[in-house]
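Position chain B relative to chain A; hints supplied.
Taken in sequence, the protein lines are chains A and B. First residue of the first sequence: -12, per our numbering; consecutive thereafter. First residue of the second sequence: -2, per our numbering; consecutive thereafter.
FYI, nobody ran anything at the bench for these hints, they're computed from the structure. Just so it is clear, CB atoms sit at the ideal spot from N, CA and C, and this is done for glycine as well. Warning: the hint list may mix true and false statements.
What the hints assert, rightly or not - From chain B, some residues computed to sit far from chain A (all C-beta separations above 12 angstroms):
1) I8
2) A27
3) F48
4) T49
5) A50
6) F58
7) H73
8) L94
9) D96
10) A103
11) I116
To be verified - DSSO-like mimics (lysine-lysine), calculated; alpha carbons at most 27 angstroms apart, straight line:
12) K71/B to K76/A
13) K18/A to K53/A
14) K151/A to K18/A
15) K76/A to K69/B
16) K71/B to K127/A
17) K76/A to K85/B
18) K71/B to K117/A
Claimed, not checked - If you want the footprint, here are the derived chain A segments under chain B, 3+ residues with CB under 8 angstroms:
19) 54 to 64
20) 80 to 90
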Amino acid sequence: MMNWLEVDSVNLEFGEKRVLSDIYMRFETGKVSGILGRNGSGKSCLLRIIFGTLRARYSNVRFNGKAVSRPFRNPEKIRYMPQVSFIPKYLRLKNIFELYGCSLPELLNDFTEFAREPNLPFGHYSFGHKRLIETWVILKSPSEFVMLDEPFSYIMPLHVEKLKQVIKNEKSGKGIIITDHLYRDLLDVTDDLYLIADYASLTIRDPGDLRKYGYLA
Amino acid sequence: MLRRQLRAILIFYRGFWVPPGLVTLFSCLAIFYISQSQIRDHKEFYGILMFTAPFFWIKTFTNLIMLLYLIKLKAHEMYFYANLGMRKRELLITVFLIDYLLFFSALFLTNLCLKLTLISR
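Chain A on its own, in the form it takes in the complex (with noise of 0.2 angstroms):
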């Protein structure tokens, strides 16, 4: 059953500086979506709207049609891996993933460095591991809709390779949400695209699109 998530009338300012205006994009499971845009146009802020820890003016976030206004309260529809480390670091990886319903074994056998040391504290990975397994735990966590802010970044290229694959793989049962500035690593795993510029979310059906637009130079 394919189920999709729709964000509608995003309106976002911080005082008088306008950050996003009349934003509307649609989800869904079976997809990978990506949105891109340049730093500062709010593509974050976007995700924590449809998260529910940012308040907009006016925003309405719907599930299959259903509006919900805070769907973090619910795990099992959504997940969201910010920008910045968020999984306290004096925890094991062993509790992190029984906590997020994930399989500690899946990640050992597709990335046998941590097979080494399976159950360190989060604190003693590298920021790179550290990224990985915050991405992965997102991703693999059971929930109708993951949305992974920058998961590429900080990741040297052959797990960013691997860490496609899984993707890919993992859309299968759930749909996906990606931002990120490395683009063509965000072109090779996503159905749709979207841009947000000027305030504005554009459709890309092009990648020719992205320098039409103001995105690529």
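Frame of chain A, contents of chain B only:
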């Protein structure tokens, strides 16, 4: 789901329990020694509540500082708990209720110890 959230609350408390725990320990020890030095006989002892007020306010003051610390410096970690379906406000209220529960439990034990010490004199 509820079990998972309870676990998450304990995990959150684990991240900062040491300073409030030390304040509780200091308060109990101080109340114990002050009470002991001021009361000579168990017949004069009406419970430690008469010495508790200043320590309750010290506890409240340090908890407010801790709250500011959590809001400012642990803001990123809140996403970890939000992903488990928890609101920031309910998380903070719950952990501070737990902390006060531990504080009053420790006071109760101090009261009991003091009473036994005074009786055995």
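Hints and how they fare:
no., hint, result
1, I8, "7 angstroms, violated"
2, A27, "30 angstroms, holds"
3, F48, "35 angstroms, holds"
4, T49, "32 angstroms, holds"
5, A50, "35 angstroms, holds"
6, F58, "26 angstroms, holds"
7, H73, "4 angstroms, violated"
8, L94, "20 angstroms, holds"
9, D96, "18 angstroms, holds"
10, A103, "24 angstroms, holds"
11, I116, "43 angstroms, holds"
12, K71/B to K76/A, "11 angstroms, holds"
13, K18/A to K53/A, "20 angstroms, holds"
14, K151/A to K18/A, "13 angstroms, holds"
15, K76/A to K69/B, "17 angstroms, holds"
16, K71/B to K127/A, "25 angstroms, holds"
17, K76/A to K85/B, "19 angstroms, holds"
18, K71/B to K117/A, "17 angstroms, holds"
19, 54 to 64, "holds (count 5)"
20, 80 to 90, "holds (count 3)"
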